[in-house]
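*Asks:* Respectively, the protein sequence lines represent chains Z, A, H and P. Counting in my numbering, the first sequence runs from 405 upward without gaps. Counting in my numbering, the second sequence runs from 405 upward without gaps. Counting in my numbering, the third sequence runs from 405 upward without gaps. Counting in my numbering, the fourth sequence runs from 405 upward without gaps.
By construction, these hints were calculated from the structure, which means they are not laboratory data. Hints should not be assumed to be uniformly reliable.
The list treats identical chains as one, so a pair stands whether inside a single copy or across any two.
Derived DMTMM-like pairs (lysine to aspartate or glutamate); straight-line CA-CA distance at most 20 Å [said to hold, decoys possible]:
| id | residue 1 | residue 2 |
| --- | --- | --- |
| 1 | Lys-512 | Asp-432 |
| 2 | Lys-505 | Asp-495 |
| 3 | Lys-505 | Asp-492 |
| 4 | Lys-512 | Glu-464 |
| 5 | Lys-512 | Asp-478 |
| 6 | Lys-512 | Asp-416 |
| 7 | Lys-512 | Glu-463 |
| 8 | Lys-475 | Asp-432 |
| 9 | Lys-505 | Asp-471 |
| 10 | Lys-475 | Asp-434 |
| 11 | Lys-475 | Glu-452 |
| 12 | Lys-512 | Asp-492 |
Protein chains: 4
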Amino acid sequence: MNADLPPAALADLGELRDRLRRFAQERDWDQFHSPKNLSMALIAEAAELVEHFQWLTEEESRALPPDARAKVADELADVLVYLVRIADRLDIDLLAATERKLADNEAKYPAARVRGSAKKYSDY
Amino acid sequence: MNADLPPAALADLGELRDRLRRFAQERDWDQFHSPKNLSMALIAEAAELVEHFQWLTEEESRALPPDARAKVADELADVLVYLVRIADRLDIDLLAATERKLADNEAKYPAARVRGSAKKYSDY
Amino acid sequence: MNADLPPAALADLGELRDRLRRFAQERDWDQFHSPKNLSMALIAEAAELVEHFQWLTEEESRALPPDARAKVADELADVLVYLVRIADRLDIDLLAATERKLADNEAKYPAARVRGSAKKYSDY
Amino acid sequence: MNADLPPAALADLGELRDRLRRFAQERDWDQFHSPKNLSMALIAEAAELVEHFQWLTEEESRALPPDARAKVADELADVLVYLVRIADRLDIDLLAATERKLADNEAKYPAARVRGSAKKYSDY
């Protein structure tokens, strides 16, 4: 990487996948990046996110001060990194899989039936 | 949503964010979607991913049969959905946060120093 | 196991460890019970616990209806099973380790200093 | 607590429950210890356990060096603390719940049927 230039901004998930792929290859880390290991790394990062919120009220979690918000942004990025990495190692198209999931959810929870009901929500 | 048309393919994370936002609003579910609650939902989905791999060897996790791979794709989608949703609720730009994280990681783990060393890797 | 008799009640963690050890041996499952795999199984069970609470308010989580409470008891048991199993596989005395941790916590959070302060609590 | 005396050794889970109860009361922390929040704290500790193992092979996880083993013991203790605390807050008898779970598992996985079969194991 040319030290004179800032890293190019990420345009999309495809570019992120490519950056992460190159990052692992340059360090010879693919050997550690089995889907099994990556799933462990992902949940460890997800837990750091949970940790930020564990003693906050829901209300407090909606209105984070700037420094907490920056840390949460960091944890979200860590989760995304491992998510994209697992998808790449298994040759899964993340957006296509999510597209299917959205269609499923829209069929499973019709707005007209579940709207505004906490009870119904938690029953699903 | 027009039942005659398939849902449009997801072009990018911005579109996913918008779809999820609309999905929650149509169901009046924003009240449940505090960042605190969403972080719990995210880690529950991450754990379903882990569950797929817990009794597999690393080698097996690299070579999933098609049906297992489809289930894993599903879990990855679930994680992405909550990830994008939390970012949206906190007004965080997920790709920008990830861009910063990549730059940090590239500085923290210079390829020339860490290449090919399991020991160094696990020390980080 | 004699089918005419109910299983003996568990007296303590040592007996639980012995029951689990025998259970795995009789099924030849020790080969799957590496600490790595068991840590994955443990967090998957912990996530099922989290899932029970994710859309509840804190208040609701304090006052579970009987059926939800029974399910939570089940998840807690699952976590304990894997916890005791990992400790056994690594020859760790769980109560002794916890005793040390309590002493640490008592030193780290002196009651006189932290009492009644949410702010201080979340700062720790 | 009398600073001249070491903390008494933990005899059993009941004593641990009582120590933790007193610990929270002395600090006025029961207000933060809703089952919801405690489940988040528990999974965050479980993830620290996972983190110790994420880049290790299964074989390495079975043969931890002493310092890693001590850290793992610490994480196990953290999980146990929150587990006992949640059970107490919901008035659940942890050993009795585990006793029921063991009986279920013994019925669900008869040794004669599942012995020595990885395939069968991962199918359950």
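*Asks:* For each hint, tell me whether it holds in the structure or not.
*Replies:* Now the hints, each set against the structure:
{"no.": "1", "hint": "Lys-512 - Asp-432", "verdict": "between (43 Å within a copy, 16 Å between copies)"}
{"no.": "2", "hint": "Lys-505 - Asp-495", "verdict": "within (17 Å within a copy, 23 Å between copies)"}
{"no.": "3", "hint": "Lys-505 - Asp-492", "verdict": "both (18 Å within a copy, 19 Å between copies)"}
{"no.": "4", "hint": "Lys-512 - Glu-464", "verdict": "neither (31 Å within a copy, 25 Å between copies)"}
{"no.": "5", "hint": "Lys-512 - Asp-478", "verdict": "between (33 Å within a copy, 15 Å between copies)"}
{"no.": "6", "hint": "Lys-512 - Asp-416", "verdict": "neither (29 Å within a copy, 23 Å between copies)"}
{"no.": "7", "hint": "Lys-512 - Glu-463", "verdict": "neither (29 Å within a copy, 28 Å between copies)"}
{"no.": "8", "hint": "Lys-475 - Asp-432", "verdict": "neither (29 Å within a copy, 28 Å between copies)"}
{"no.": "9", "hint": "Lys-505 - Asp-471", "verdict": "between (33 Å within a copy, 16 Å between copies)"}
{"no.": "10", "hint": "Lys-475 - Asp-434", "verdict": "neither (28 Å within a copy, 23 Å between copies)"}
{"no.": "11", "hint": "Lys-475 - Glu-452", "verdict": "both (10 Å within a copy, 18 Å between copies)"}
{"no.": "12", "hint": "Lys-512 - Asp-492", "verdict": "neither (28 Å within a copy, 23 Å between copies)"}
Hints 4, 6, 7, 8, 10, 12 from the earlier list are contradicted by this structure; the remaining hints agree with it.
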